Amino acid sequence: MKLIRNHARVVAAVAVLALAVATGATRNAAAALPPGNAVAQWNQIAENTVVGSGAFQNEGLIYMAYESAAVYDAVVAIRGGYRRYGDPIAAAPGASADAAVVEAAYRTLLNYLPSKAAALGDQYAEALALIPDGAAKSDGQAVGLAAANDIISLRSGDGRMTPIATTSSLVPFPFAPGVWRLTPPFVPPQTPWVGNVHPFVLGSADRFLPGPPPSLQSDQWAEAFDEIKDYGAVNSSVRTPDETNVARFWSANVIRQYNGVARGISDSRALGLLQTARLAAMVNVIGADAQISVMHAKYHYRFWRPVTAINGTLDATALTADGFGPAGGFDDGNPATAEQAGWRPLLTTPNHPEYPAAHGSITSAMAEVFSSYLGTKRFNLDIHGFDPAAAAGNLNAVRHFAMPADLRREIVNARLWAGLHYRFSGVAGVVLGRKVAKYDLRHAFQPVG
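Quick note on this note's numbering: the sequence shown kicks off at 147 and runs consecutively.
Rather than coming from a laboratory, the hints here were simulated on the basis of the structure.
It should be emphasised that the depicted structure is a prediction, and the values quoted were computed from it without experimental measurement.
There could be a bad hint or two in this list.
With a straight-line cut-off of 25 Å between C-alpha atoms, the simulated SDA-like cross-links for lysine to any residue are [what the hints assert, rightly or not]:
#1 581 <-> 416
#2 581 <-> 519
#3 581 <-> 594
#4 523 <-> 416
#5 581 <-> 333
#6 581 <-> 349
#7 262 <-> 361
#8 523 <-> 358
Derived DEER-like restraints, expressed as beta-carbon distance ranges [as the list claims (entries may be wrong)]:
#9 361 <-> 488: 20 to 30 Å
#10 322 <-> 549: 22 to 32 Å
#11 593 <-> 381: 29 to 39 Å
#12 365 <-> 308: 36 to 46 Å
#13 481 <-> 307: 37 to 47 Å
#14 355 <-> 307: 20 to 30 Å
#15 534 <-> 239: 53 to 63 Å
Note that beta-carbon positions come from the ideal geometry of N, C-alpha and C, so glycine has one too.
Let the sequences and hints guide you as you build the complete structure.
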């Protein structure tokens, strides 16, 4: 009996050990660190965490900015050479910059996205295990923790989650020509609070507020109306297959697109921690400021989407069976335009106001960032985007852009071909994003002295 009991204990112990090993292997596989240096690794982890949280890219850019600013300040505190974003942080001589990066990224992400604590904890433990124990490691962690706490403190009360003046009803604004209304599938306005967030560098979200969209009685409006009606329709007879693919390419998540470009530059040029941290901070902080500015402008002007204008307007109580159709007798009042009941855009219209175009603003800002960082107007960038022939959410397609002007031109066209933005809106977004980026680049992330 004793032999049997001992045998049972051994079997149980082996089973527990096997389970522990298997569980550990599973956790390690789930927590496996991405490639690249510590900054690139945690930039990828931040991207996966933010996108995986379900955050819209409007708000996701803000979370990415929190993380990248903390990491940048942590590395600058140890390596020096550039103006810090936040407050001064003391660093002991010999402090590990790798440990500082891990700590800053982890603590910042954990604060803003606590629902992702388990996965973040696994990756944090794995990353720290790769750094030799000792004073350098603990001193580096102290720097990273201080950087994270500083960003969290600086951004406390920054307007995150503070609603803008709107409602979640189906008629959030007055029912009038030119005024934005909810569009199919009629979900509540998307993250209107983003327009209320205090910018990271810019000072004020309305610093570069564009002028208003054109009058509905103008020739410019009639031309823009006709162009998107023809080229942006789901069944357009004038949009080419290549133009359709370009429109779909730019339906990808911009967080993934532009952070991917930054990591690609870091990898191809073998950048160290400091330069990678600087580039990631430029991408995400300036991207967030461009997003905040454009969302502020959107809710300032509250201009209607093409699907509303072309249908004569949309009303949830007077629609065709598939969700498209006019409320009779309501149009822009311009004799040069002809409404078309049942008109559908190529892509689903985002649930926020039209003017100016957010993709135009962010993409233009990123064009300025990469051109500035690389020190050339001929930056030769490969950008990954959505391939309609593959699974949803993929970034399998690649498009090459020789110069910032090429990228800006394409994003204006792409959103028009998608049926989402008038040309004047795309242009206004591009101008806004470039102004934001130029301002931020003059006031942040520059060399000391």
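Cross-check of the supplied hints:
1. 581 <-> 416: Outside the cut-off at roughly 30 Å; violated.
2. 581 <-> 519: 16 Å, holds
3. 581 <-> 594: OK: residue 581 and residue 594 at ~23 Å, within 25 Å.
4. 523 <-> 416: 21 Å, holds
5. 581 <-> 333: 32 Å, violated
6. 581 <-> 349: Holds, because 13 Å separates the two Cα atoms, which is no more than 25 Å.
7. 262 <-> 361: Not OK: residue 262 and residue 361 at ~47 Å, beyond 25 Å, violated.
8. 523 <-> 358: Violated, because 30 Å separates the two Cα atoms, which is more than 25 Å.
9. 361 <-> 488: 20 to 30 Å: Roughly 27 Å apart at Cβ, these two residues keep to the hinted range, so it holds.
10. 322 <-> 549: 22 to 32 Å: 41 Å, violated
11. 593 <-> 381: 29 to 39 Å: 53 Å, violated
12. 365 <-> 308: 36 to 46 Å: The hint (36 to 46 Å, Cβ to Cβ) holds, given that residue 365 and residue 308 are roughly 40 Å apart.
13. 481 <-> 307: 37 to 47 Å: 45 Å, holds
14. 355 <-> 307: 20 to 30 Å: 23 Å, holds
15. 534 <-> 239: 53 to 63 Å: 54 Å, holds
The structure fails to meet hints 1, 5, 7, 8, 10 and 11 from the earlier list, while all remaining hints are met.
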